[in-house]
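Can you join these two chains into the complex? Each is in its own frame, and there are hints to help.
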Amino acid sequence: MLVRFKLNGREVEVDADPNEILLDTLRLKLGVRSVKRGCERGECGTCTVLLNGDPVTSCLILTPQVDGAEITTVEGLESDPKFRELVNNFVNEGAIQCGFCTPGFLLTAYAAVSKQKIKTLEDIKKSLEGNLCRCTGYVKIIEAVAKTVLK
Amino acid sequence: MFYRLPEIEYIRVSELDEALRLLSRKEDAKVLAGGTDLVVDMKIGRYRPKTVIDISGIKSLRYVIDEGDKVRIGALTKMQDIVESPVVREKLPLLAEAVSMLGSWQIRNMATVGGNLCNASPAADSAPPLLAHEAKIKLTSIEGTREIPITEFFTGPRKTVMYKTEILQEVVVPYDADFARSYSYVKVGRRNSFTLSVVAVATVLKVRNRSIEDVRVALNAVAPTPVRARSVESFLKGREAGSEVIEKASELVLSDISPISDVRASAEYRKHLSRVLVKDALLKALERAGLG
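Protein chains in written order, with this note's numbering: chain A, 1 to 151; chain B, 1 to 292.
One chain only, chain B, in its complex shape (with noise of 0.2 Å):
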């Protein structure tokens, strides 16, 4: 055995009031949903929690509902479950491209969008899609609920603006036909498939009489958080797309990442890539709303 896992206390819980009222009462405990990043963290030795309280059976946190204007998926939905719902490749396409390309399909079965943004990785597959569509992260504690917007979510890596009593309960992502359409996810790793992010970005665009009305751009794993491109939409917003202007566009990207060198890749490629998917991206979700 090459990693052992600490000595912990393992907490199985099949209703989420039950995890509320132990999570408010227990000093230093983890939540385990899919367990694909925790169990590895807790073998590495960057989490070692007294307590590890395992959520992954609370059937009623894994749905996807569509209430027509908008998305509603519980925090334990599998990243699978993602892939394959009807409701999310018709309205939430976006969702479902970036997703397929997390992990692999083994992962997939035991990963959960809640773990995947309460994890909190820079380089988080579902983030740029759900910054794309500004979803709403429902979290829940014994002391209530709210609802923040995702913008506003992440704080660093591996940081968010939960408490420690809280539970991410439910992601509701707004449909919107028109980024239903016209959307890509562009991601590059270190090879092909089963791989992190060097770089990835999400896009959904609105385009009324060849002009650009809405665009959103997103990338992960080039800036202590999952982030929005606004140089990139505040430009593009109300120009005719052409390919000076998309040109234009990506040069822009620069001044709203702030990559880091890693064992995946240098920041000054980060900064490349970052310019040359941000172009293709928008190149394909314009291809996909009609302008190719």
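If we strip away everything but chain A, and leave its shape as in the complex, we get (with noise of 0.2 Å):
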């Protein structure tokens, strides 16, 4: 079925599978690497995008959910000041190991820190708490985080 959505701006049309992942269109459909297949279960985080401008887990979601909807991924916030001072952020603090989560990470700070009421170091862990990196280099992340939201 022809689904058609909003992906980084741009506007996307996709043939698409009744039973098809949002996660699957987006990497095998339209090379959209960035977003990492994890446990494909709803428990990793590694691959959220935004949809509408909030973190979801896009293993969950079903490619004709999205019809009409806006999905960001890390691609389509390359200009925006406030992801590239989290990137910059990321980089100088070392909050990047693997590299495997980072994108998953970065979406869902990205959304915290322009949308959530950040005030503790507290409230950045519980908004990340829904992405999990194997490298367990969490406190450099929140750290990273941090940064940027706390001055």
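Don't read these hints as lab results, they were simulated from the structure.
Don't be surprised by glycine CBs; every beta carbon is placed ideally from N, CA and C.
Heads up, simulated BS3-like pairs for lysine-lysine below, C-alpha to C-alpha not over 30 Å straight-line:
no., chain 1, residue 1, chain 2, residue 2
1, B, K271, A, K126
2, A, K119, B, K284
3, A, K126, B, K59
Covered by chain A, per the in silico footprint, the following chain B stretches (three or more residues, Cβ under 8 Å):
no., segment
4, 5 to 19
5, 29 to 41
6, 99 to 109
Away from chain A, derived, C-beta distances all over 10 Å, residues of chain B:
no., residue
7, S121
8, P157
9, T160
10, K271
Listed below in structure tokens is the structure:
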């Protein structure tokens, strides 16, 4: 079935199966490889995308469900000053080890600093609870987000 | 790809009427709301529906309405909407607190309150607060609408009183100023965040002149359905709140629960934890009532 949605600000149209998962559509049909395949059951957050601005796990969404929606991945935020600041802080704080979880963390963190009222380190941890880092580099990740939002 | 979804017929609707008509006609259909349970359950083969009716686009079922003495919550209201709703935070802080501990931010952005109830997991986080508040559940089919107390809604693990042709439309929660002040939700899982309950306890209470006028205690993950701890409640009613009374009351929870051993914990540990958490929950609610 034909599904149309906005991907990083551009209209896209894909022919999707009714049982197709957004994660697969993004990676296999639209070439968005920053969206990673992890647990495939909503537990690790590495497939996080922003759906109309809110972080969601793309492994739990049927592609036909996003017809008419807006999907944002890290590629769509490259020119956003807040996002660039966040990325720089990830780099400077050493918040990236193997890098596999990084796009998911960046998207959740970006949504958190943009729309959550982040006042404490606890708030940061709470907003990032749905993203796992298999290198367990959490301290640096939290520091990078803190540097961006807690000034 | 580790998981493959079985082939399905997928129908997306934007009106409730349309969903109800389809549901009355389609054999072997499942309703998709947030998808955080259903999609996983289809991946692991727990459910293999022929048809999936996607109601996530029915905008008219996503709302929180303050009606003074009650709050009406649309079935498709996202868990994160509930956590952030000023009405819920003011009038039903127990529900906001419990739901803030459900899943992760990503999951709460997808999961709906109707889905959490219909999935009827014994560990559902929205169930204990709604049981404590004695919410009503509005069920609709093409035949009409009925409203039932949430205390009669769950019948077993993943089982409810709903007919196959029905959709959960709304949750109606009575407002009580005392309950909105004196409440607590305590949850223990295998880790501190983004976790399923090993046991969780919701409490609301009303205190007059140091004695407990009314109290409600509800637990999840300790019986085939989320349950009220009626023995604890009836023991406490009319008694003066003191540490011995609370200690005795929390012991009584054992007659209200029938936990099993599973991947998260043993039945023995759940019994132990239920006693401890009922006590903690009562003390926290009493503290909020000004009897710290």
